[in-house]
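Protein sequences, first through last, are from chains L and R. Heads up: the first sequence begins at 1 in this note's numbering, then just goes up one per residue. Heads up: the second sequence begins at 1 in this note's numbering, then just goes up one per residue.
No lab work stands behind these hints, which were simulated from the structure alone. Errors might be hidden in some of the hints.
For each label pair, taking beta carbons as the anchor points, the in silico distance ranges come out as [said to hold, decoys possible]: (1) 666(R) - 773(L): 45 to 51 Å; (2) 738(L) - 629(R): 27 to 33 Å; (3) 569(L) - 638(R): 42 to 48 Å.
Subject to a maximum C-alpha distance of 20 Å in a straight line, what follows is the list of computed SDA-like cross-link-like pairs (lysine to any residue) [what the hints assert, rightly or not]: (4) 449(R) - 638(L); (5) 636(L) - 730(R); (6) 473(R) - 449(R); (7) 373(L) - 492(R).
Glycine included, every Cβ here is placed at the ideal spot set by N, Cα and C.
Protein chains: 2
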Amino acid sequence: MSHLYRHLRIHQVFGANTDVGKTIVTTALVRASALKNNAVFYLKPISTGPLHDADDKHVKRFAGPNQSLVETQCLFRYDEPVSPHLAVKMASRASENAVTVPSDRTFLNSVAQYVRSCARKCPAGHMYIETAGGVHSPTLAGTTQLDSYRPLLFPTVLVGDSKLGGISSTISSYESLLLRGYAIDAVILFRDHYYRNYEYLSSYFATRGLRVLSLDPPPPRLDNHAQNAEITEAYYAKLVPGGLDGDIFEAVRHLDDCHTRRIEELDTMPRRTLDTVWWPFVQHGLVNSETDVTVIDSAWGDFFSVYERASGSPSKTISNQNSLLSPQFDSSASWWTQTLGHSTPSLALAAASAAGRYGHVIFPEATHLPALKLAEHLVNEGPGKGWASRAFFSDNGSTGTEVALKMALRAFSAEAVPAMTPVEKQNLGVIGLKGSYHGDTIGAMDATKESTYSCEWHRPKGFWFDPPTVSIKRGKLAVSVSNLMPTSVPSTHHFNSLDALYDVEGRLSSSLAEAYRLFARQTLQAFICAKEQKLAALMLEPIVMGAGGMIFVDPLFQRVLVDLVRDVSLFSTPLPVIYDEVFTGLYRLGLESAIPLLKANPDISVYAKMLTGGTLPLAVTLASDRIFQAFNGESKADALLHGHSYTAHPIGCQVANETLKLIGGLLQKEPWKAAQIKWSTDAKSRSTIWSFWEPSFAHAVSHLDIVEEVMTLGTVFTVKFNGDNTGYASHCARELLRSIKGVADDGSRSSTFGIHFRTLGNTAYFMTSLNTPREVIEEVENRIWVTLDAQNKGKL
Amino acid sequence: MSHLYRHLRIHQVFGANTDVGKTIVTTALVRASALKNNAVFYLKPISTGPLHDADDKHVKRFAGPNQSLVETQCLFRYDEPVSPHLAVKMASRASENAVTVPSDRTFLNSVAQYVRSCARKCPAGHMYIETAGGVHSPTLAGTTQLDSYRPLLFPTVLVGDSKLGGISSTISSYESLLLRGYAIDAVILFRDHYYRNYEYLSSYFATRGLRVLSLDPPPPRLDNHAQNAEITEAYYAKLVPGGLDGDIFEAVRHLDDCHTRRIEELDTMPRRTLDTVWWPFVQHGLVNSETDVTVIDSAWGDFFSVYERASGSPSKTISNQNSLLSPQFDSSASWWTQTLGHSTPSLALAAASAAGRYGHVIFPEATHLPALKLAEHLVNEGPGKGWASRAFFSDNGSTGTEVALKMALRAFSAEAVPAMTPVEKQNLGVIGLKGSYHGDTIGAMDATKESTYSCEWHRPKGFWFDPPTVSIKRGKLAVSVSNLMPTSVPSTHHFNSLDALYDVEGRLSSSLAEAYRLFARQTLQAFICAKEQKLAALMLEPIVMGAGGMIFVDPLFQRVLVDLVRDVSLFSTPLPVIYDEVFTGLYRLGLESAIPLLKANPDISVYAKMLTGGTLPLAVTLASDRIFQAFNGESKADALLHGHSYTAHPIGCQVANETLKLIGGLLQKEPWKAAQIKWSTDAKSRSTIWSFWEPSFAHAVSHLDIVEEVMTLGTVFTVKFNGDNTGYASHCARELLRSIKGVADDGSRSSTFGIHFRTLGNTAYFMTSLNTPREVIEEVENRIWVTLDAQNKGKL
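Given these sequences and hints, build the entire structure.
In structure tokens:
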């Protein structure tokens, strides 16, 4: 929702406090811009206080040669000179009829609509948006201004406080603005020659790369209105002289420069990126034009604010009069990390407070509160509850699974009789599923089969089953078994509800479970008899294999495997079991963990991605006491000799603690309840297995001819397309959805945002955060439906 | 330097602005604490304005039953009612003699000294420290208060602003406090019934776990002094009633609770950590007592603030009257990460601003300014200058070197004629040095020899030379060659200066260079002829092998190896060369990179650790165009299929950009110059190879009998002890230095801080940041010297 126009330079004016001269500075800027022959829009979105003293009066009184170019606007006006959130309440009390309090959304839409209308009616101009009170003064709905205005992310002029104490309030306001990601282009304040705040602040902000401009202070206010008007007008005449020189024109020039530089920077970013950056998982040979580069100027909630250079793309309908920034729904959740939307203020504050208290501090043989609290939560209350004894920290999912492997292999080795040779230890095998992926580091890759992802040193160590999968085909929820299963087992098994299919415990006595057991046991026995490799651990991504192509696995098969590797008639000691919940855990699938669903505790499990709410890398590997004891002893060399420098970095841990707290606050709330009821069979109770996506939407898409199957759980919706089976290298999903990326612009199927998506071969997936509003998901659903339906018709 | 006393609860009182009632609230707190029979200390460190109107007058006028228990103190007093930084200047101008401006250090020492003296003179009490103006008002030396007071890290009471605009200034002040890591125990403000800020703020802060308490507002000030005093006294009598009930007593109770809970939390942290956390690189069987756990309450500059539970350690001299927190110099630089000291405010702000603008955003096929700027800096101006074409992002040094390996092995494979089999690709070998360590993930480990660090899947792939090493033995700087070299080569080669030894280009024509060349060529030829493994890359940690035991390698030998692997008479195509500069790069050794020293560009290099100034994990792998082209093409499967979810996370990139900017500011400054001159041979010019540690100190230590050798470069000083050669498992260095950890407490060799150190077997190392003050390093040197000298005498 950010706005940026090439031809209309917009600045919002925030005050370091109330009564610091915001209106005077804004008025002076308006007059100066007008005198320099710009069309000028002066927007005061909310005004409180008596009308006769309205903030725009000195703009209105302005009789410069270009008066005709100046437009003033106020969107919400209240009589009481108090904070807007109170003013609207008092207006309601004073009036016969209750005054509706505009929501943040309504407020923001009004501002955005006015901005758009101004952009359309002038070929070149400036706009100043004067906010109310200080930076954190509440707006109408009670949200503080910094948060209310944040989605629009206008560049900012901060009017500093020139009075006693004003150094402090100016710096604090600056810091609060930065915490919300605002760019501050200038600090402007009056030259008070006694307190000299402008001197201090000029030097303070200069070292921080921020320009401070100072203006002559206004004359003292007189009691006589007429005299007051006269001296004020004289003051403005001196502050904004017709000769176009002086401080205020310097300010206008500086703001013009900032605007120009910003657009230049954005214009050059695609080329510079193509020249300097080596992207992960990208074939640069195929992504080499500037228009291929998504320039992310900022992000808020579930949306990127993406820059599209109008001049560089003549085929696009974006004209000079549209915003150069457009919203894109982040439907890959920025590679499966986003949890509560981008730029959540309390996560930024959590990061800042840990950075301010610790920076990073060493962890071995030491402790600090953020790490300890996170470990305790995960072990005692979170996914480790009931089985885990320890939390081990590392930096990302891949290192977290390497730690898990080191743990499992050692636990197995320590218990092996007779002791193994070094070569046997090097070749220990892992049991898993085809399509598994546990990270990009080579050790994590070695726990998976050869695949497109393989690299030179990758050497698969273990055995991988073809898993039975879960999907919705033509509206029907079913398990499909692989063709390696005995032909006596039916290839498809239908279920009436997610609850029924995911009732693993209930299905354990089914004939399918018996078939799984027999098949898996015989397969493993054959592998063991071949004696080529000792099997040492079972490693699973419960429920969904993500990077392998969003493959939903029949959890019953996974449970059967866990039972089998713990069966001492097959393995002399139970094999350690690893659940890689890096992608699936912490509510990505609507469940904190798959452990209660499988009703089989692992020995080790791994968490990352959503752990930090989509802000920065951190991973935790949980382990049972059995695993821990395999390393515990008298010799330092027996310890788990793994540890990255930033192990348990306080910033990540603090952000994780805040994330888990925020998630906790969502669990019982209405949007979750509503979705859980929709997926329930009886429409009254809440299903434990559910999705944020509409059942009817999922079913409808599954009926399209171009679609082979769909599946959805929690925040995830996947579509696998028919026809192209070239796997990861397939461009089919990408091609089919290409048009969804931009804001739809033909009248018939308009949308207010584009959708940024990622595909895995012929599978497309879409993800929400845990707090994405239903109406946003609905618009995404509509957009997907319209796009695919059209493609479907095209193929017929 | 943090203070915390069990028996003396201390709070600092900050104001959301000037004139918000800080003095009234503090006075009321003092009176309430006194009425509850506590000894109370009211400290106003700086007071500005006329003496007759001093802030402590209402405390002094207080005539409660416990008046005797109340002590007031002001440390710096100035007449002008302006910001302290101006008041001291104006006092200077007004006086005959210039008034000295106390430095931050002097100021802080005065406060700390007073706090300590109070702690010694009472068995139980409260202290309130009233600050001046708003949170960011400048103190005497011009630093803002939040930063000035930060090392002491007192828990905070924030006095909110009850006037119009006060919601904003209160929230902003709260955010600025959090950005510096302060714990805020309460917000206290007046109940203004018109603006009702207390209502808004109570609910705002309640959701943030912060208690808001409100008090009746003071009466309006009268012009008549006597009347004024009377009504004010009446106000206080009502605010702090003898009956010990009402809001202010609730506040005192709440602050008491916060203090008790904080100490309880700290008391229980060792046990809880031992029960829940699995530390990296730690044998829990050997570290299992609560006193083994370093409880880090906060960190500032180069110091941890460490909690030591007096009751749990009866053998220690810490009594109830000493602070429970003591400073420890972080001499491992928190595992080699610290760069500019802990908790640098501008890095916290950089992290916060990126968190507020982006959170994390997806990187493949996308770009954002923090990542682009970092890539451009590293490639075009930083260590990649002149050879690198691309920057690839990952999360830590280990993943950064895995990326480097994937790059190098693919580049080699792509050029290999004939094409290799899958098994040949799995077994490609890397040339390196014994003692190399490139990270804990298994792929990174596979590029090194078996060692203590080996784990089950570790399978060394390659060949490793015994390197010639550099050290100072008995005051003499020398290169020692391994005993594998031909006996015709002398085993020791002396040098007069670091500059002479590290003049790699100049030494290329030496006989030693010739001997290296011959030996290395013959060794490699023999390996190639054996044909067991194809050699595909050279991978080096230039200058120092860190985790391998802080082994300083003769750079001439490394340069010879680089030349050899590019010699087409030995290898049909030049082998890719990787410099792992994760530990050594970015000025850890006083050099941005070893590349200009070796005068041989790599094909790939890796950076992490100091990249983010010691705050959070981020790594960058740089690559030349030759490497990039090996992946560039038409097929997605040929791309570098590696990428962690948080690749190029904006927070890390923004912090890295700020770090590089701050480092840039140090390069030409005095402390660096002074050190560079000290290590120069002519005492006038600046040596390019130098150390922050004193030459005389290094030489003295090297002469001790218990010491085998020492070495120092840049921030690093290492000591290798004689006698114990059990390698990593050796406890010798740890035992010898044990006493250095605590604050020395026998009168003869007192020190103001302990030293937190890590060892690698029989090697101890000590590290500074890039801005550690010379006087701190000197105290560390003295402490090391005194400790080792005593041990040395004991062994004789």
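Results for each hint:
With their beta carbons about 48 Å apart, residue 666(R) and residue 773(L) fall inside the hinted range of 45 to 51 Å. Distance hint check: the CB atoms of residue 738(L) and residue 629(R) are about 28 Å apart, consistent with the given range 27 to 33 Å. Checked against the given bound of 42 to 48 Å, the beta carbons of residue 569(L) and residue 638(R), roughly 47 Å apart, stay inside it. Between residue 449(R) and residue 638(L) the alpha-carbon distance is near 18 Å, which keeps this suggested pair within the 20 Å criterion.
Only pairs whose Cα atoms come within 20 Å are accepted, and residue 636(L) paired with residue 730(R) is accepted, the gap being roughly 9 Å. Restraint check for residue 473(R) and residue 449(R): the C-alpha separation of about 28 Å exceeds 20 Å, so the hint is violated. About 53 Å separates the Cα atoms of residue 373(L) and residue 492(R), which puts this hinted pair outside 20 Å; it is violated.
Of the hints listed earlier, those the structure fails to meet are numbers 6 and 7, in rising order.
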